[in-house]
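**Q** Read in order, the letters of the sequence shown are residues 35 to 244 in our numbering.
It is worth saying that the hints were derived from the structure and are not from the lab. Every residue gets a Cβ at the ideal spot worked out from N, C-alpha and C, and that includes glycine. Among these hints, one or two may not hold up.
Okay, the calculated beta carbon distance ranges per label pair [unchecked claim]: (1) Arg52 x Tyr222: 32 to 40 Å; (2) Gly137 x Arg52: 26 to 34 Å; (3) Ala224 x Leu138: 40 to 48 Å; (4) Asp96 x Glu215: 14 to 22 Å; (5) Phe115 x Arg145: 14 to 22 Å; (6) Pro171 x His90: 40 to 48 Å; (7) Leu73 x Asp96: 13 to 21 Å; (8) Arg145 x Pro91: 48 to 56 Å; (9) Arg99 x Asn66: 12 to 20 Å; (10) Glu240 x Leu73: 34 to 42 Å; (11) Thr38 x Arg99: 32 to 40 Å; (12) Thr85 x Pro239: 17 to 25 Å; (13) Thr203 x Arg145: 27 to 35 Å; (14) Glu65 x His90: 17 to 25 Å.
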Amino acid sequence: MMGTRAMLFEAPGEFTMRQQQRIWALIAHTENRPNIQELVPGVTNLLLIFTHAPEHPEQTADWLRNAWEMLPPRQIEGRLFEVGVQYGGALGDDLAAVSAHTGLPPEEVIRLHHEGEYTVCAVGSAPGFGYLHGLDPRIATPRKSVPSLNMPAGTVTIGGMQAGISALTGPNGWNSIGYTEICLFDPYRASPSLFAIGDRIRFYPESIEL
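Model the full structure from these sequences, guided by the hints.
**A** Structure, rendered in structure tokens:
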């Protein structure tokens, strides 16, 4: 339980697309249950927010565990976004650190990054921020021990085994490798968040500055 009106379900095992698709299946299976106010999917986890505190939370937990074992993965056919990136330069100044960590030249880091196809697994942490699965493990790089204090919105990043695009300007511990001018969150749009779970992202280089 998270307080009195929320419960966090965390999937066992590593962050894989199959595990995330099972979380998506759990969303569809849970959304029409009574006493559910909101479901918030994360990376291999799901937060259930109840309209009122459940009388027997252990029964809900058992139901979730049983559903997890029973449900097949759920496919979500999202939209495809082609995202142009200005790799390197002042707005991608961690590219050298990623290159040093991986032992690959910057040109190879860029190639491996833009040749992949990524899936939005969850949206959160900051408004419009999409957690992207699909990063080539050869360029996975741990988050920085000392975050950047003012990373601009639109910075293209790597954090561990995930890729991302910063949605807001501010502190950020992910590694910056480039920049894109797309706007991930606009409160005046009909759908404020540009990305939704299941969407696919392909990056392509608009420019490279090493």
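**Q** Take the hints in turn and mark each one as holding or not.
**A** So, going through the hints one by one against the coordinates:
1. For Arg52 paired with Tyr222, a C-beta distance near 37 Å keeps the hint of 32 to 40 Å intact.
2. In this structure, Gly137 and Arg52 meet the distance hint of 26 to 34 Å, their C-beta atoms being roughly 29 Å apart.
3. A C-beta distance of roughly 41 Å is found between Ala224 and Leu138, which places it inside the suggested range of 40 to 48 Å.
4. In this structure the hint that Asp96 and Glu215 lie 14 to 22 Å apart at CB is violated, the actual value being about 48 Å.
5. For Phe115 paired with Arg145, a C-beta distance near 20 Å keeps the hint of 14 to 22 Å intact.
6. For the pair Pro171 and His90, the supplied restraint of 40 to 48 Å holds, since their beta-carbon distance comes to about 42 Å.
7. Checked against the given bound of 13 to 21 Å, the beta carbons of Leu73 and Asp96, roughly 18 Å apart, stay inside it.
8. Look at Arg145 against Pro91: about 49 Å separates their beta carbons, and that is inside 48 to 56 Å.
9. Taking the beta carbon of each, Arg99 and Asn66 are about 19 Å apart, inside 12 to 20 Å as hinted.
10. A hinted range of 34 to 42 Å holds for the C-beta pair Glu240 and Leu73, which are about 37 Å apart.
11. A hinted range of 32 to 40 Å is violated for the C-beta pair Thr38 and Arg99, which are about 21 Å apart.
12. At about 48 Å, the CB distance of Thr85 to Pro239 disagrees with the hint of 17 to 25 Å.
13. A hinted range of 27 to 35 Å for the beta carbons of Thr203 and Arg145 is consistent with their spacing of about 28 Å.
14. For Glu65 and His90, the Cβ-Cβ distance of about 20 Å falls inside the hinted range of 17 to 25 Å, so the restraint holds.
Of the numbered hints listed earlier, those contradicted by the structure are 4, 11, 12.
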